[in-house]
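Student: Using the hints, position chain B against chain A.
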Amino acid sequence: MTHFLRRGLAAIVTAAAALALAALSTAPFRVHTDPTARLRVAFSARPERIERCRTLSADELANLPQHMRQSELCEGTTAHYRLEVRRNDSLLATALLRGGGLRHDRRLYALRELIVPSGRGTIDVRVTRLDAVAARRDDDAHERDEGEHGDDARRDLLARDQDERRRRVADEIPASLDLREDVTLAPREVLLVTYDQASRRLRTVRDTP
Amino acid sequence: MAAPPRRLERLALRPLTAADAACNRLYGSPANPLYQSGTIVIALLLVLIVTGLWLIFFYRVGAPYASVADIAANPWLGRWVRGVHRYASDAAVVFTVIHVWRMFAQGRSWGPRALAWTSGVLALGLLLLCGLTGYVMVWDTFGQLVAQEGARMLDTLPILSEPLGRAFTGEQELAAAFFFVNLFAHIAIPLGIALVLWLHVARVARPALLPPRRVLWALVAALVLAALVRPATLGLEASPLRLPESVRVDWLYAFWIPLVRSTSPGVALVVLALGVLILLAVPLAAKRRSAAPPPSVVNEDICTGCRQCSLDCPYEAITMIERPGGGRSLEMARVDPALCVSCGICAGSCAPMGVGPPGRTGRDQLAHARSFVSDTAGYAGRTVVVCCDRGARGWRAELEAAGAAVHEVDCAGNLHTSVIELFVRGGAAGVLVISCPPRDCWNREGPRWLQERIYEDREAELQPRVDRRRVRVATANASESAEALAALRDFMAATAALDRPQSQTVEIEMICDPEPAEQS
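Taken in sequence, the protein lines are chains A and B.
Oh and the first sequence: position 106 is 333 in the numbering used here, straight run, nothing missing.
Oh and the second sequence: position 205 is 649 in the numbering used here, straight run, nothing missing.
Here chain A stands alone, though its shape is the one from the complex:
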């Protein structure tokens, strides 16, 4: 083989190798070939707290550093919920939802992706609290009384705690959520069922072409 021919051949082989590399870099991969659709249930919410609260006395508060003074001390855990997903009244999935974290005191989340036939169907997603949550406060009256008759600092503290509790309750997931909807799904379409914090309801989200 002459030197010139060898160089030409080397150039051709190099070019072919580069093009083969490019082909390998953009090879088609059939990801979702079946004409099914997906029902995706994905949301995150704060679970309700099941707790026992006790109002701290003025002496107990005085013993705490200022930045740690809360009018009441609450101990407990968060509620459990059951998620049920049905299509045309047949159960597709069920799951127990708990708060995240080791102490289960963080937000709970649901993440289920279910293969459903494309076409028309009735989707039913339910989230139901399993635990009975105790009455919010045993001593609301006492708190009101404290608020009316306590000193200014005490009143401020109570007001702040009440605000915080209200915010927390508003953030918590309702005891029961239910979404029932007739939907027509195209092949490879994803119907997302998620929780809307503002309206405190489940809602569906679809791709808008």
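Not one of these hints is a red herring.
What follows is a list of derived Cβ distance ranges for each label pair: (1) B:Phe699 <-> A:Pro414: 26 to 36 Å; (2) A:Ile342 <-> B:Val715: 17 to 27 Å; (3) B:Gly719 <-> A:Leu283: 54 to 64 Å; (4) B:Ala649 <-> A:Ile342: 51 to 61 Å; (5) B:Val715 <-> A:Glu311: 33 to 43 Å; (6) B:Leu718 <-> A:Thr260: 24 to 34 Å; (7) A:Glu311 <-> B:Val668: 50 to 60 Å; (8) B:Leu604 <-> A:Asp390: 24 to 34 Å; (9) B:Val714 <-> A:Asp316: 37 to 47 Å.
Hints listed in this document are in silico derivations from the structure and should not be mistaken for laboratory results.
A virtual CB, placed ideally from N, CA and C, is assigned to each residue, including glycine.
Tutor: Using the frame of chain A, we list chain B on its own:
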């Protein structure tokens, strides 16, 4: 002799030497890209940095897909720069794998080279991670697939209170912060790669960092050609609420995705983790505890403190220290056994033959050569072929059939020139040394030092009294029997034209023999 390769290494070596031989024929051994795999990866990383810096000016974390689409729509510069960037990243994976393959097949991972092996595995992991972040940056259907499947795999680890996969469900639009973090990772990981590469070559003397210029430019030209002929694709924009029927996938980076999809994310994670562990454990397996060749030793009585072994050592395992109590020189060599891989290069570079692995010093080589001369029937007038046992394993029988007397050595780079002198002055028609191609030396720089000792008066040089017409150096790997035979025939033809060789009584000067103790 150094420990022979194990079965798995032999299996890996066979296709490698065959591919090497094919590329040697095509490109010539100095430009063989398979020999330059490590330096080519570094060159490709430089290409990636240059093209990446250009691309980053046009990338917007607030509109990732749209900005990449704008780049891809620019036919003059954007499209092919992006193509070069992408294909350079692919080529980097290919050449890294070739490099890993070579080091494994040649058993170059144990002992002090374990650091290079481990850091290399780490660099490969970082390279893959960097590439994957690059694909996520684009945020087309492939980028989304990478992110979703990667998140599914990581979600099997019980370390996060909420699954990462929730980020890609469509509950909320992906925040620009996600793409910013991803971009940050894409830029920061190469810095990690640079650090790891520094470790990779930390225990190597004179590391080659870039390939020969013609290989470098051919590489760049090939990448540009690929980018022009087959521009890098851009899939449909990612949408969490639409499942793509087909995605254009880069298999070099997404090889794990079918595993995740066909088994489960947990199984895929375990398989990948096992793969990494196996790779990391290679140095332990290759250590060959029972057969580990002993490190070089210095005969302090012979060492003249010339520093040549310290200069030639490919692993910086030899340092010069002050000779305790004075003596024939101010300094003497000392081998650090923790750094020595027993390559024996020092044996060839020590003129007085005072250093080398036990049994392979210049003096040991001479002793073997003397027995070879006396044991070889009809030695006088025959051509002696000195070759590495790694190469000769492939074609010793053919060389002998062609009439040569074959003398195997552990590595041609270890060969002391006194052995050549002994053969020539002992009456051989000629001495043909067949070494591995220079970039393929298992001991890194052996053929280079050998050439310089024979032809360029490098210390431990071949003495001027040796007829250079009767000495030749050729290169061939284990699969190049035809080349080895051709070199032998050519050399035999050249020596046949010379006068009949004269057998001389050979007394190789032991120039630095220890002086006898003075009689008091």
